[in-house]
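All residue numbers for the sequence shown refer to our numbering, where the first residue is 2 and numbers rise by one.
Derived from the structure by calculation, the hints contain no laboratory data.
Everything numeric in this text was worked out from a predicted model, so none of it was measured.
Virtual Cβ for every residue (Gly too), placed ideally from N, Cα, C.
Misleading hints may appear alongside valid ones.
What the hints assert, rightly or not - 20 Å max Cα-Cα, derived DMTMM-like pairs, lysine to aspartate or glutamate:
#, residue 1, residue 2
1, K131, D152
2, K44, D61
3, K162, E109
As the list claims (entries may be wrong) - Derived DEER-like restraints, expressed as beta-carbon distance ranges:
#, residue 1, residue 2, range
4, L35, R163, 25 to 33 Å
5, E172, R27, 13 to 21 Å
6, D16, Q120, 15 to 23 Å
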Amino acid sequence: MDQIAPEQIRWTIADVDLLAADEWKRYEIIDGELFVTRAPHLKHQMTLGRIYRALQAWADETVNGEALLTPGVIFSDADSVIPDVVWISRDRLDLLLDEAGHLTGAPELIVEVLSPGTQNERRDREAKLKLYSSQGVEEYWIADYRLQKVDVYRRENAQLKRTATLLLNDEINSPLLPNFQCQIQQFFV
Numbered sequence: 002m003d004q005i006a007p008e009q010i011r012w013t014i015a016d017v018d019l020l021a022a023d024e025w026k027r028y029e030i031i032d033g034e035l036f037v038t039r040a041p042h043l044k045h046q047m048t049l050g051r052i053y054r055a056l057q058a059w060a061d062e063t064v065n066g067e068a069l070l071t072p073g074v075i076f077s078d079a080d081s082v083i084p085d086v087v088w089i090s091r092d093r094l095d096l097l098l099d100e101a102g103h104l105t106g107a108p109e110l111i112v113e114v115l116s117p118g119t120q121n122e123r124r125d126r127e128a129k130l131k132l133y134s135s136q137g138v139e140e141y142w143i144a145d146y147r148l149q150k151v152d153v154y155r156r157e158n159a160q161l162k163r164t165a166t167l168l169l170n171d172e173i174n175s176p177l178l179p180n181f182q183c184q185i186q187q188f189f190v
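Construct the complete structure from the given sequences, taking the supplied hints into account.
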């Protein structure tokens, strides 16, 4: 007797809109798969705040773009995420911002701060990496406050590839952000 595998439910933005609003939960869809996360750990929030401040200080100084905290990024009906921090150039921001205040395409740089748990790691290290790569993100940082390190992925041959793992005494910079430099330890103080 043949067994038929159940068809996987593909979630869309419209489906998520029907869910009850809950300020303690974050709903993201990646390739039609729903990811629900709770409010992050305080150290997660502190880390993303420090990364945001470093990027925004550079952005204020250069007037090249904006660092944004937890913006909604809608790539399609089946791909809608809320990255921890993004940096987007002014020209791109003007093109991609919709009337609801969401980005409708890839910012140049996305930063995710890892939350504990296998599901969270899989989402950020696999599902989001694949999504951001396919959508044209130029650079992706994954910060781990528990191990105090940052994995840096940069676009090579139309794909995001890990180019560095930076530890506390290392300095982060980016070809996207001329003259931006920050010691990794400043993210985790």
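We went through each hint and held it up to the structure:
Distance check on the hinted pair: K131 and D152 sit about 15 Å apart at the alpha-carbon level, within 20 Å; holds. Of the pairs offered as hints, the one joining K44 and D61 is violated, with about 25 Å between alpha carbons and a cut-off of 20 Å exceeded. Of the supplied pair hints, the one linking K162 and E109 holds, its CA atoms being roughly 15 Å apart against a limit of 20 Å. About 27 Å separates the C-beta atoms of L35 and R163, a value consistent with the hinted range of 25 to 33 Å.
With their beta carbons about 31 Å apart, E172 and R27 fall outside the hinted range of 13 to 21 Å. Checked against the hint of 15 to 23 Å, the C-beta distance between D16 and Q120 comes to roughly 19 Å, which is consistent with it.
Consistency with the previously given hints fails for numbers 2, 5, ordered from lowest to highest.
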